[in-house]
Amino acid sequence: MARVLVIEDDRRTAAEIAAALGDHGFDVECAYTGRDGLLRATAEKYDAIVLDRMLPGDLDGLGILATLRTIRTETPVLILSALSAVDERVRGLRAGGDDYLTKPFESVELTARLDVLIRRHSMPQQETTLRVGDLQVDLLTRELRRAGRMVELLPREYRLLEYLMRHAGRVVTRTMLFEEVWGYHYDPQTNVIDVHIGRLRRKLEEGGEPQMIHTVRGSGYVLRAAE
Amino acid sequence: MSSVRLSDIPRTTGFRLALLFLGLGGAGAAILFGFLYVQTAGFLARDVDNGLAREIRVRAAMNATELARLMNDRAPLDPDNMRPFALFDRAANWMAGSRVTLPEPLPSPDQPFDFTLAHEGKAMPYRGVLHRLDTGEFFLAAEDVGPIQHFRHLLAAAMLSGGLVVLMIGLAGGMIVGAAALGRIDGVALAIERIINGNLSERLPLTRKGGDLNRLIRVVNRMVDEIERLMNEVKGVTDNIAHDLRTPLTRLLAGLERVRRRDPASEEYADAIDDAIVETRGLLATFNALLRIAEIEAGARRAGFKTLDLQPVITDVADFYEPMAERKGVSLVVDNEPASDGLLAGDPSLLFEAIGNLVDNAIKFTPPGGQVALRALRRGDHLGIEVSDTGPGIPEEERVAVLRRFHRVDKCRNAPGSGLGLSLVAAVAKLHGFDLAIEDAQPGCRVTLWHADIPGEDRRSDPQDSAPADETPPEPVARLA
Chain A
3 MARVLVIEDD RRTAAEIAAA LGDHGFDVEC AYTGRDGLLR ATAEKYDAIV LDRMLPGDLD
63 GLGILATLRT IRTETPVLIL SALSAVDERV RGLRAGGDDY LTKPFESVEL TARLDVLIRR
123 HSMPQQETTL RVGDLQVDLL TRELRRAGRM VELLPREYRL LEYLMRHAGR VVTRTMLFEE
183 VWGYHYDPQT NVIDVHIGRL RRKLEEGGEP QMIHTVRGSG YVLRAAE
Chain B
162 MSSVRLSDIP RTTGFRLALL FLGLGGAGAA ILFGFLYVQT AGFLARDVDN GLAREIRVRA
222 AMNATELARL MNDRAPLDPD NMRPFALFDR AANWMAGSRV TLPEPLPSPD QPFDFTLAHE
282 GKAMPYRGVL HRLDTGEFFL AAEDVGPIQH FRHLLAAAML SGGLVVLMIG LAGGMIVGAA
342 ALGRIDGVAL AIERIINGNL SERLPLTRKG GDLNRLIRVV NRMVDEIERL MNEVKGVTDN
402 IAHDLRTPLT RLLAGLERVR RRDPASEEYA DAIDDAIVET RGLLATFNAL LRIAEIEAGA
462 RRAGFKTLDL QPVITDVADF YEPMAERKGV SLVVDNEPAS DGLLAGDPSL LFEAIGNLVD
522 NAIKFTPPGG QVALRALRRG DHLGIEVSDT GPGIPEEERV AVLRRFHRVD KCRNAPGSGL
582 GLSLVAAVAK LHGFDLAIED AQPGCRVTLW HADIPGEDRR SDPQDSAPAD ETPPEPVARL
642 A
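Chains as they are written, first to last, in our numbering: chain A, 3 to 229; chain B, 162 to 642.
Take these hints with a grain of salt, some might be off.
[Claimed, not checked] Partner residues are not named here, just some residues of chain A that face chain B (Cβ under 8 Å, in silico):
1. Thr35
2. Val92
3. Arg93
4. Trp184
5. Tyr186
6. Pro190
7. Val194
8. His198
9. Arg201
10. Val218
Hints were generated in silico from the structure; no laboratory data involved.
All C-beta atoms, glycine included, are put in the ideal place defined by N, C-alpha and C.
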């Protein structure tokens, strides 16, 4: 079970985050001050840290982050901030953060992003083929087969599918897909991504195969091997 | 115009200026009058002295006996003692001529001196010269200088009264000028008071002879025009926010109250909670959009700026929205002008979002079978972006209003969307130094963004701008390069 440290000064927010992460299957610990958080982060081993950007006292989020990176603690850090994206995002990532989420956020967004961070950190990607159920992609030739049938994809569709396959079985939100596949950072308030996913789905199911990309209500998608 | 308070007049610039000129003019006049007075009086006195000296010269050759006779002859001819002559012995006792007593001590001989003589009970001013004969007797020649003194007094009095009149006129003029200035200032001040108290339609009154003041008033009035426009805009936005947020909040509350009241089965419960989540999500999205626009408008978002080419951003937008256009039966084309590539400073995510909003709108309002075209433009040294469609277009009178938050063209009020999209486009355009124009494409609508700067001359005020941003996770420019 993945261990996650939550450094957040507001106890109710911390409790909600802990509850959401706990429901998702994480083992959660909370620290309510920057000092306590830094102590725990250096003394113990965590799989990920959720760090509030604004902490009271002399040690704020970016200070903790900078200290951790200085002493070569490579635990992935997701920064939470009430400062809406703006320049703060760039600043947080430059300071050594691995991802950035603006308050208020949805719990699915937080857990999905943490999943990705932990997986990215724990297993370096060296494989040349990805396989989920009867879906198989050759990462070198970019050839995709479903149950032996060749599927032709546009470059963008290929990237969408590759990302979903790398995180198979886990929820991936629309914003994450947009950031990863298109490379721009904002929350597109449209259903355009649904349309892209719809196209991808049709291509994957052209041969009458069962559905693999499932919509998670209100938040995103999950790719699962068809039963 | 309000009543003028007398106590305020001395503080007005007009009054003080009048007083200053009065002082300067008065000093000039005093110097001129003083000079005239001294010259005139001196001339008259010298004239008397010369006459007396002549008299002495003529009689000096005579001896005492001849002089005594001459004087006794002349004295009755001058009953008013206009020009008294007298002879005194060696002890300065009167011998002959007019009845005159010499002043004590004896004035030095042959030097003019002033003295008085009693005449009909009054002391009259005289000027005289005492000459000592070779035989020791004294001979006095004198002249009544009363008329001269009288003339000098008259002259001084005339100058003084003239000065007083000028002073009065000056003061009165200063008061009038000051009062007029006060009146004008009071009018302006009252108008400003009314504006402060909330009457933004009030304007400062122009004065008939205003001059400089009118110029100032016109500028201030223009400023008030602008403030009124902004206030109305803010008020409109606030009203719209209130309206646009109240509706979903009402639905949210009603839904929650309904399940609380009915206490339904768990399935219905779950549905109600899902509905509440959807509403809350929508509210959050609206709030976030508002905050983002405010932030971008405040120019706070610069750290994401880098040197970029517009063409790849435009291609990405087209690529992103293409499936949506296809589903609606609208063709989305990219039609870049030749040589429209070029570098400028910008935030790729913001530009993508802004162009995306334009394309999203265009697709939404273009009927099936229509076309939405995206173009990178170049005119001379300036780069631009154009999004045009074949939809119904935006009426001319609405083209400024659509950029406001929550504004929706009336016939589109029921179309989905927050009404914030174009506000964001306007804010992003302003942050990047783009001029936004909405035109009639006949048919349809054309939105163009022209970059004001010449490409290559990036505004790199922030040293971070030039730093490579490659250390951050997938950045579009790195990928597109």
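Each hint, compared with the structure:
1. Thr35: violated (28 Å)
2. Val92: Since chain B brings a Cβ to about 4 Å from Val92 of chain A, closer than 8 Å, the hint holds.
3. Arg93: For Arg93 of chain A, the interface hint holds, since the closest Cβ of chain B sits about 6 Å away, which is under 8 Å.
4. Trp184: holds (6 Å)
5. Tyr186: With a closest approach of 4 Å, the Tyr186 of chain A hint holds.
6. Pro190: Result: holds, 7 Å to nearest chain B Cβ.
7. Val194: holds (5 Å)
8. His198: Check passed: Cβ of His198 of chain A comes within 6 Å of chain B, closer than 8 Å.
9. Arg201: Holds, about 6 Å.
10. Val218: violated (12 Å)
Comparing the model with each numbered hint stated earlier shows that hints 1 and 10 do not hold.
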